[in-house]
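Engineer: Next come the chains, spelled out residue by residue.
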Amino acid sequence: MTDGPLLWYLNRGTGVVLLVLLTVSVVLGVLAMGGRPGRGVPRFVTQTFHRNLALLSVLMLLAHVASAVIDTYVDIRWWQALVPYGATYRPLWLGLGTLSLDVIVVVVLTSLLRTRLGHRSWRAVHLLAWAAWALSVAHAIGIGTDLAHPDGLAVLPTAVCVGAVGVAAVARIARAVAHPELTTARGPA
Amino acid sequence: MSAPAPSPVPVPGRVRIQRGPALLAGVDEGPTLAAHRSRYGPLPTVPLAELDRRVSAVGLRGRGGAAFPFATKLRAAAGRRPVVVVNLSEGEPASAKDTALALGRPHLVLDGAVATARALGSRDVHLVLPADRPDAAAQVRLAVAERKDRVRFRLHTADARFVAGQARAVIELMAGRPNLPVTAWAPEAVSGHRGRPTLLSNAETWAHVGHLVLAGEATYRAHGTAEEPGTALLTITRPGFDAEVLEVPYGVRLRDVLPPFATGHPALVGGFHGAWATWETLGATRVSVPAMAAVGLPLGAGVVHVPDPGSCPVAFTSAVVDYLAGQSAGRCGPCLNGLPALAVAVRAMAQGRDAAARIDELTRLVARRGACAHPDGTVRLVRSLFGALPEEVAAHRAGACLALPSGAASRRVVAR
Amino acid sequence: MSAQLRVDWPACQARGLCHELLPEVVELDEWGYPIVTGEVSEELLSDARAAVRGCPRLALRLVD
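Those protein sequence lines, which keep their order, are chains G, L and D.
Residue 20 in this note's numbering sits at position 3 of the first sequence; the count goes up by one each step and never skips.
Residue 232 in this note's numbering sits at position 228 of the second sequence; the count goes up by one each step and never skips.
Residue 1352 in this note's numbering sits at position 17 of the third sequence; the count goes up by one each step and never skips.
Keep in mind that the hints are not guaranteed to be accurate.
What the hints assert, rightly or not - Listing some non-contacts, in silico: residues in chain L with all C-beta distances to chain D over 10 Å:
(1) R18
(2) G45
(3) P48
(4) A53
(5) D56
(6) E221
(7) A222
(8) E284
(9) G300
(10) A333
(11) P338
(12) C339
(13) A354
Said to hold, decoys possible - Have a look at the derived ranges for each label pair, beta carbon to beta carbon:
(14) G/I87 x D/S1381: 25 to 31 Å
(15) L/E365 x D/V1398: 23 to 29 Å
(16) L/R158 x G/L145: 35 to 41 Å
(17) D/V1398 x G/T162: 55 to 61 Å
Treat the hints as calculated values from the structure; they're not laboratory data.
From the three backbone atoms N, C-alpha and C, an ideal C-beta is built for every residue, glycine too.
Could you put the whole structure together from the sequences, leaning on the hints where they help?
Structural biologist: Okay, here's the thing in structure tokens:
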């Protein structure tokens, strides 16, 4: 079982799904902040969706890591899933994925403790979600075997994800420029 | 964005200080420590229990505008080495009483704070100086340099902004953050500077404490009434004249402390966050915190503005609201959006349009919806125009103005 | 036991979630900022806590 193709498929599949989940989380995070209240989808729906997808991606991340570690075809140890340095199998690309995982864990934990942290500290940490997403994309491109072939199944989803976050990032920056008062870290800590 | 509207009453370049019965008794002797000590003698050490007893017995209240009992603050802060803060920032341009104390009686103010700090076991006394009153700030620095107290004076300079002198804004300044109000979840005396209990009062309050410590309770009670002993500082302002600071005993009629040119005209009592009063009201009202609160005429920081005879109080109110709207820290949504809208509506009324319904709506939207009392004070001023001067309001709603360039003053008196 | 909903005004940025989550107690003014119309009753306490947690700016507090 630990050397069969099942784990290998599971790892590739969860990887692609993860990329989609993280992307949608980021886009929803931006959407939850924008627009005017009272128009379109209620904001708490967007916000709840953003949170639940992010939590779901943590579960998916667990499956992704577990399938990679348990699979004996590649030599990845448990600690290598958490420490972004010193891996034996494609150390740079695996390290980027590991770093992404670490950042995601911090972002999720701080969000669960948000009411105790205060808005300003939470927000500073939460902005790292952009970095986690970018690291995960780099990890996917570098290590993902399905992306090595232009006709691979993962190429289109990855391209769509990069495009979606690109649009979200542009919208976010445009809003920050138009309404600087909404995005500066103000108010009590 | 256009520049914020200027204050209709500028920060006084010069202040006329009249000699008074208690705090301002030694004002002719100069601001030096030697003159101060020769009048009062050395600063005695007063135990906390005795200080508490004295400030309770005379019913000393804060003189910054809220008139909060000083003894309540003292007791809330006692026991945990509170931070003592003397607020000299005087954010309201029309007020000059703390400036007058800084210029004329700085050691009385400092003695009040030092005696209290000693009684509480506090080592630090923070002094918050105004940025836009350089003479007053310089005199306080000189006074600090003269003293050899066993406390550390820590000096801060508040921004030249109306809301910069608000208690929470001052505590933000002391912590190195922007000098703007924030939400207070607990009184400063419980959780203030860096979360520590903080005894923050303005200069006049500390001067009263100083007088009470140096001269004793009997001398303090020599002025005022049995229920409300002591004196209060007033700033009288009038367009084109230096601000005048005088000390009056509690219980005198407001009308009797006003200069002759005020006769027959309405005045703005309590400053820009205050209320309009007719000449009749000024005659019927005595200088007293409870009596004035009962008729909706808060003494506030003690500013009485007497407009030019024959000038339009609606137009003046509009200019004040324009100024106050520009002085919002811009952090609280209802104030940020509501005060400019209110300024537009009041200006429309001053120009002879009927904006009363919109003004009423906006005052409801703005009141009690901010971190500080800035929106509330602005609302009080606007509402007082409707309450105290209904004829002027009615005339403007009908497109007219009672204040005509000539003969208006006499006409107004005849009309009543 | 009822409670009061208090707004940290400088923190509030008119996102409006409090109105969506607690329309019984929170209305919005013409600029989108909350108007707290009354006390939070016993039955509404859990909704009010959700509104406090859900505020994107953490600008709400329940006080007794």
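Engineer: Next, verify each hint and record whether it holds.
Structural biologist: Hint by hint, here is what the structure shows:
1. In this structure L/R18 is separated from chain D by more than 10 Å, as the shortest Cβ-Cβ distance comes to about 36 Å.
2. No beta-carbon of chain D comes within 10 Å of the beta-carbon of L/G45; the shortest separation is about 47 Å.
3. Remark: the non-interface label on L/P48 is consistent with the geometry, its nearest Cβ contact in chain D lying 42 Å away (cut-off 10 Å).
4. No beta-carbon of chain D is positioned within 10 Å of the beta-carbon of L/A53; the least distance is around 32 Å.
5. Here L/D56 stays apart from chain D, with its beta-carbon at least about 29 Å from theirs, past the 10 Å limit.
6. Here L/E221 stays apart from chain D, with its beta-carbon at least about 39 Å from theirs, past the 10 Å limit.
7. Here L/A222 stays apart from chain D, with its beta-carbon at least about 44 Å from theirs, past the 10 Å limit.
8. At roughly 37 Å, the least C-beta separation between L/E284 and chain D is larger than 10 Å, which holds for a residue marked as non-interface.
9. No beta-carbon of chain D comes within 10 Å of the beta-carbon of L/G300; the shortest separation is about 25 Å.
10. Not every Cβ of chain D is farther than 10 Å from the Cβ of L/A333; the closest lies at roughly 8 Å, contradicting the non-interface assignment.
11. Annotated as non-interface, L/P338 brings its C-beta within 10 Å of a C-beta of chain D; the closest such distance is 6 Å.
12. In this structure L/C339 is not separated from chain D by more than 10 Å, as the shortest Cβ-Cβ distance comes to only about 8 Å.
13. For L/A354, the shortest C-beta to C-beta distance to chain D comes to about 23 Å, beyond the 10 Å cut-off, and the non-interface label holds.
14. Remark: the range hint 25 to 31 Å for G/I87 to D/S1381 is contradicted by a beta-carbon distance near 42 Å.
15. Distance hint check: the CB atoms of L/E365 and D/V1398 are about 28 Å apart, consistent with the given range 23 to 29 Å.
16. A C-beta distance of roughly 38 Å is found between L/R158 and G/L145, which places it inside the suggested range of 35 to 41 Å.
17. At roughly 57 Å, the beta carbons of D/V1398 and G/T162 sit within the given window of 55 to 61 Å.
Of the numbered hints listed earlier, those contradicted by the structure are 10, 11, 12 and 14.
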